[in-house]
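Undergrad: Protein chains in written order, with our numbering: chain A, 725 to 837; chain B, 9 to 123.
Among these hints, one or two may not hold up.
[Claimed, not checked] Partner residues aside, some chain A positions facing chain B, computed with beta carbon under 8 Å:
| id | residue |
| --- | --- |
| 1 | P732 |
| 2 | Y734 |
| 3 | Y822 |
| 4 | G829 |
[As the list claims (entries may be wrong)] With a cut-off of at most 25 Å between alpha-carbon atoms, the simulated PhoX-like pairs for lysine-lysine come out as follows:
| id | chain 1 | residue 1 | chain 2 | residue 2 |
| --- | --- | --- | --- | --- |
| 5 | B | K45 | B | K79 |
| 6 | A | K725 | B | K45 |
| 7 | B | K50 | B | K30 |
| 8 | B | K30 | B | K65 |
| 9 | A | K725 | B | K50 |
| 10 | B | K45 | B | K65 |
| 11 | A | K737 | B | K50 |
Please keep in mind that the hints were generated in silico from the structure rather than gathered at the bench. None of the values given here were measured: they were computed from a predicted structure. Beta carbons are placed, not taken as given, at the ideal position from N, Cα and C, and that holds for glycine.
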Amino acid sequence: KAGVTQTPRYLIKTRGQQVTLSCSPISGHRSVSWYQQTPGQGLQFLFEYFSETQRNKGNFPGRFSGRQFSNSRSEMNVSTLELGDSALYLCASSLNSYMGTQYFGPGTRLTVL
Amino acid sequence: GENVEQHPSTLSVQEGDSAVIKCTYSDSASNYFPWYKQELGKGPQLIIDIRSNVGEKKDQRIAVTLNKTAKHFSLHITETQPEDSAVYFCAATYAGGTSYGKLTFGQGTILTVHP
Numbered sequence: 725k726a727g728v729t730q731t732p733r734y735l736i737k738t739r740g741q742q743v744t745l746s747c748s749p750i751s752g753h754r755s756v757s758w759y760q761q762t763p764g765q766g767l768q769f770l771f772e773y774f775s776e777t778q779r780n781k782g783n784f785p786g787r788f789s790g791r792q793f794s795n796s797r798s799e800m801n802v803s804t805l806e807l808g809d810s811a812l813y814l815c816a817s818s819l820n821s822y823m824g825t826q827y828f829g830p831g832t833r834l835t836v837l
Numbered sequence: 009g010e011n012v013e014q015h016p017s018t019l020s021v022q023e024g025d026s027a028v029i030k031c032t033y034s035d036s037a038s039n040y041f042p043w044y045k046q047e048l049g050k051g052p053q054l055i056i057d058i059r060s061n062v063g064e065k066k067d068q069r070i071a072v073t074l075n076k077t078a079k080h081f082s083l084h085i086t087e088t089q090p091e092d093s094a095v096y097f098c099a100a101t102y103a104g105g106t107s108y109g110k111l112t113f114g115q116g117t118i119l120t121v122h123p
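Please model the entire structure based on the sequences and the hints provided.
TA: Here it is, written out as structure tokens:
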């Protein structure tokens, strides 16, 4: 099976702009979780989607949002970018999140100038 | 909420030696503990996991032990090789409850294996 894919792999934006990142889960997986990885804060949970519904959300401001489509593909959006949003954004897919096992994609490296 | 502490932050070993990384968790409801390996420029790769109904699990040179009473779990790598050099993360979650896809990660351990 193909693994989790994320596009784009690299992105450079300026402060105030918005950005949309995309994630395609492993075929058959219905749960998608998003994480932010930074050197200072490590890996932090953003939110999780299952069957197009957000079931869990981490402690991030409302500028961070996401959605999931009927084919389980997911997107996350960050509006009004700040310098501190520079990070590696990772998505992970799971069969249903009930069993916990998550498989990560390669990530999207976002740089905010 | 859950809090996971991981030690050491860096670990340097000679090829062929063993490496041990330890994590402690705070939420006694946590029941699923995966370990991930992250190489430069890549996403975390699941290398082994353990559930709370098991005390130890082994997969070739890698093993994980879990002590529910003390709320800590450890990763053991034997006969280390240079290709084991990477950042290792432990994580914890309450699978089956309302954690819904949320893994809480430790801060990571940079493992360097010298040839």
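Undergrad: Check whether the Cα positions of K737/A and K50/B lie no farther apart than 25 Å.
TA: Between K737/A and K50/B the Cα gap is close to 21 Å, so the pair holds against 25 Å.
Undergrad: If you take the shortest Cβ to Cβ gap from P732/A to chain B, is it below 8 Å?
TA: violated, 14 Å
Undergrad: Under the criterion that the straight-line Cα-Cα distance not exceed 25 Å, is the pair K725/A, K45/B satisfied?
TA: holds, 20 Å
Undergrad: Min Cβ distance, G829/A to chain B: is it shorter than 8 Å?
TA: With a minimum Cβ separation of about 5 Å from chain B (threshold 8 Å), the hint on G829/A holds.
Undergrad: Assess, step by step, whether the Cα of K30/B is no farther than 25 Å from the Cα of K65/B, and give holds or violated.
TA: holds, 15 Å
Undergrad: Would the hint linking K50/B and K30/B be met if the CA-CA limit is 25 Å?
TA: holds, 23 Å
Undergrad: Is the Cα-Cα distance between K45/B and K65/B 25 Å or less?
TA: holds, 17 Å
Undergrad: Are K725/A and K50/B close enough, with their CA atoms no more than 25 Å apart?
TA: Satisfied, since the Cα-Cα distance of roughly 18 Å is no more than 25 Å.
Undergrad: Holds or violated: is there a CB of chain B closer than 8 Å to the CB of Y822/A?
TA: holds, 6 Å
Undergrad: If you draw a straight line from the CA of K45/B to the CA of K79/B, is it 25 Å or shorter?
TA: holds, 22 Å
Undergrad: Minimum Cβ distance from Y734/A to chain B below 8 Å?
TA: violated, 10 Å
When the structure is compared with the earlier hints, violations turn up for hints 1, 2 and for no others.
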